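2 protein chains.
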Amino acid sequence: MLTQTITRNSSQAVRVTRSVPANIVSLGSSIAMMGAVMPFARNVEIYGENETADYLYKVVSGVVRTYKLLSDGRRQIGSFYLPGDIFGLEFGGEHTSSAEAVADSKIHVIKRSAVVALAGRDKEIARQLWRMTATELQGAQDHIMLLVKTAKERVVGFLLEMAERNLGASEFDLPMSRQDIADYLGLTIETVSRTVKQLVNSGAIAVPTSRHIVLRSRGALNRMNA
Amino acid sequence: MLTQTITRNSSQAVRVTRSVPANIVSLGSSIAMMGAVMPFARNVEIYGENETADYLYKVVSGVVRTYKLLSDGRRQIGSFYLPGDIFGLEFGGEHTSSAEAVADSKIHVIKRSAVVALAGRDKEIARQLWRMTATELQGAQDHIMLLVKTAKERVVGFLLEMAERNLGASEFDLPMSRQDIADYLGLTIETVSRTVKQLVNSGAIAVPTSRHIVLRSRGALNRMNA
DNA sequence: CGACCATTTGATATGGATCAAGCGATGTGG
DNA sequence: CCACATCGCTTGATCCATATCAAATGGTCG
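Taken in sequence, the protein lines are chains A and B.
The first sequence begins at 671 in our numbering and counts up one residue at a time.
The second sequence begins at 671 in our numbering and counts up one residue at a time.
In case anyone wonders, no lab produced these hints; they're calculated from the structure.
Bear in mind that the values here come from a model prediction, so they are computed numbers and not experimental data.
Do not rely on the hints blindly, as some may be mistaken.
Note that the list lumps identical chains together, so a pair holds whenever it fits in one copy or between two copies.
The list that follows gives simulated cross-link-like pairs (lysine to any residue, SDA-like), each with its CA atoms no further than 20 Å apart [what the hints assert, rightly or not]: (1) Lys867 - Gly762; (2) Lys822 - Leu740; (3) Lys776 - Pro709; (4) Lys738 - Arg835; (5) Lys776 - Asp724; (6) Lys793 - Ala874; (7) Lys822 - Leu739; (8) Lys822 - Glu721; (9) Lys822 - Gly743; (10) Lys738 - Glu823; (11) Lys793 - Arg782; (12) Lys867 - Ser840; (13) Lys822 - Val870; (14) Lys822 - Ser741; (15) Lys738 - Val818; (16) Lys781 - Ile756; (17) Lys781 - Arg886; (18) Lys793 - Glu760; (19) Lys822 - Ala874; (20) Lys822 - Asp742; (21) Lys776 - Met708; (22) Lys738 - Arg893.
Starting from the given sequences, assemble the full structure and let the hints guide the process.
Structure, rendered in structure tokens:
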């Protein structure tokens with residue numbers, strides 16, 4: 671089912687932690703000054719499930735997917751992370767999913783211990799760590815709702831979600847493959863492909879190239895979204 | 671599909687907050703001394719989706735389900751909460767699901783503001799709030815993995831989860847109906863019923879009464895769990 | 001006892017998976 | 001720079017797991 675390079679990228683982030691003023695309020699901005707930016711090529715693993723979570727990550731450019739495998743090889747993608755998104759934050763010491771670059775990406779890598787230490791001193795940072803986990807939870811709950819819907823509803827839900835992530839644009843590129851979409855939605859690529867075609871035929875969307883989506887009728891899409 | 675009493679329980683928790691020593695370490699125990707225990711009858715709503723999250727809750731006895739409804743009435747149960755479990759904690763101000771008593775239950779109700787205030791003073795409490803959210807996240811991720819499996823795998827997964835929650839006992843009562851199980855697993859009650867029957871026929875479990883489960887072969891069950 | 005609700009069982013329908021092939025774009029080696 | 005191999009996506013034919021529709025059974029409570 672999957673054909674992916676499992677080449678392990680073994681280079682490590684160079685530690686560039688600087689002394690950080692105590693009144694930092696935004697985790698995102700404090701992250702910007704801690705750690706280093708690393709490039710990851712398409713399909714390269716960023717971390718593996720059950721590995722020690724020594725770092726957290728912020729997408730600078732590109733896209734990342736997190737996923738879990740079932741024993742028989744079925745893959746379930748948990749989330750896609752776009753530029754600006756932070757991922758890999760765990761409460762416990764281990765990653766609960768694997769992470770890979772969907773496309774060539776630049777990722778800010780920050781030592782977890784540095785952030786946790788910062789949170790110990792700065793209540794606001796601690797609060798933001800909590801909020802990030804809460805946001806992830808919200809996303810997982812939305813994902814659950816997606817997975818109990820029909821194929822058409824799942825695809826529509828996915829496209830609307832991607833549109834939102836693109837600031838509500840009604841035209842955008844999909845950075846991930848049909849297989850990625852299928853594994854995110856719990857469908858097969860054939861079903862994704864056929865469902866997209868249906869949406870095109872109904873005039874709700876246009877797909878000038880397979881990776882480019884144009885939302886033609888939000889109304890129709892929202893109605894199909896249950 | 672659903673037949674449930676939507677009687678709103680309008681009584682409010684009496685505030686019984688006492689002054690709490692600053693060195694409290696366990697959120698669970700601090701909760702035990704804040705707020706009041708309230709009874710909720712079977713199928714009575716504890717809170718509704720989008721309501722202001724003024725309280726959080728700890729199950730003293732009985733069982734609670736949280737759920738969301740799709741516009742057409744399909745219900746997805748997010749979690750079941752058993753005695754000792756805390757639920758209803760939100761990072762933001764609103765509940766993201768509704769909550770109902772599955773059976774007659776006693777619930778400890780705590781003012782959220784009291785806990786948040788406590789967390790502002792006590793770093794350890796703040797950390798526990800974060801951990802609770804992380805635990806919820808973990809549960810939601812496990813739920814996602816359940817929802818992409820076959821019907822048999824879902825039912826087996828559910829039974830193993832319930833066994834774990836009963837301290838690993840290989841014999842336990844199900845406090846919830848087949849409809850609740852179906853709505854948790856994203857299946858119909860007929861499929862749940864038939865799948866359970868299959869497991870009985872294969873000798874993996876016994877079901878002396880519909881609400882009582884005996885795990886006969888963990889090995890077989892684990893093998894079926896993918 | 002009788003009514004009601006939960007669960008099971010049976011018959012049939014169907015959405016999405018599977019199996020198989022074709023097509024178009026992309027990149028690579030000669 | 002072309003030719004061919006490869007990869008990602010689509011399309012078609014068929015199958016099957018689960019839903020749906022319908023009815024019977026069982027359990028519980030007034």
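Quick rundown of the hints versus the structure:
In this assembly of identical chains, Lys867 and Gly762 lie within 20 Å of each other by CA distance neither inside one copy nor across copies; the values are 43 Å within and 39 Å between. Only between protomers do Lys822 and Leu740 lie at most 20 Å apart by alpha-carbon distance; the minimum there is 15 Å, versus 25 Å within a single protomer. Taking CA atoms no more than 20 Å apart as the test, Lys776 paired with Pro709 passes inside one copy only; the shortest distance there is 4 Å, against 54 Å between copies. With identical chains, the CA atoms of Lys738 and Arg835 are never at most 20 Å apart, being 23 Å at best within one copy and 23 Å at best between copies.
Taking identical chains as interchangeable, the C-alpha atoms of Lys776 and Asp724 lie at most 20 Å apart only when both belong to the same chain, with a minimum of 18 Å there against 41 Å between chains. Taking CA atoms no more than 20 Å apart as the test, Lys793 paired with Ala874 passes in neither setting, with 47 Å inside one copy and 51 Å between copies. Taking CA atoms no more than 20 Å apart as the test, Lys822 paired with Leu739 passes between copies only; the shortest distance there is 18 Å, against 24 Å inside one copy. For a Cα distance limit of 20 Å, the shortest separation of Lys822 from Glu721 qualifies neither inside one copy, at 36 Å, nor across copies, at 30 Å.
When the C-alpha separation of Lys822 and Gly743 is checked against a cutoff of 20 Å, the pair qualifies only between copies, where the shortest distance is 18 Å, while the shortest distance within a copy is 25 Å. With identical chains, the CA atoms of Lys738 and Glu823 are at most 20 Å apart between copies only, with a shortest distance of 16 Å across copies and 23 Å within one. When the C-alpha separation of Lys793 and Arg782 is checked against a cutoff of 20 Å, the pair qualifies both within a copy, at 16 Å, and between copies, at 18 Å. With identical chains, the CA atoms of Lys867 and Ser840 are at most 20 Å apart within one copy only, with a shortest distance of 18 Å there and 49 Å across copies.
Within a single copy, Lys822 and Val870 get their C-alpha atoms as close as 12 Å, which meets the 20 Å cut-off; across copies the closest is 35 Å, which misses it. Within a single copy, Lys822 and Ser741 get their C-alpha atoms only as close as 28 Å, which misses the 20 Å cut-off; across copies the closest is 15 Å, which meets it. Taking the shortest alpha-carbon separations for Lys738 and Val818, both the intra-copy value of 19 Å and the inter-copy value of 12 Å come in at or below 20 Å. Taking CA atoms no more than 20 Å apart as the test, Lys781 paired with Ile756 passes inside one copy only; the shortest distance there is 13 Å, against 32 Å between copies.
Proximity of Lys781 and Arg886 under a CA criterion of 20 Å is satisfied in neither setting, with 44 Å inside one chain copy and 47 Å between copies. In this homomeric assembly, Lys793 and Glu760 come within 20 Å of each other (Cα to Cα) both inside a single copy, at 18 Å, and across copies, at 18 Å. Taking the closest pair of Cα atoms, Lys822 and Ala874 come within 20 Å of each other only inside a single copy of the chain (12 Å); across copies the shortest separation is 36 Å, beyond that limit. With identical chains, the CA atoms of Lys822 and Asp742 are at most 20 Å apart between copies only, with a shortest distance of 15 Å across copies and 26 Å within one.
Taking the shortest alpha-carbon separations for Lys776 and Met708, only the intra-copy value of 6 Å comes in at or below 20 Å, while the best inter-copy value is 52 Å. When the C-alpha separation of Lys738 and Arg893 is checked against a cutoff of 20 Å, the pair qualifies only between copies, where the shortest distance is 18 Å, while the shortest distance within a copy is 32 Å.
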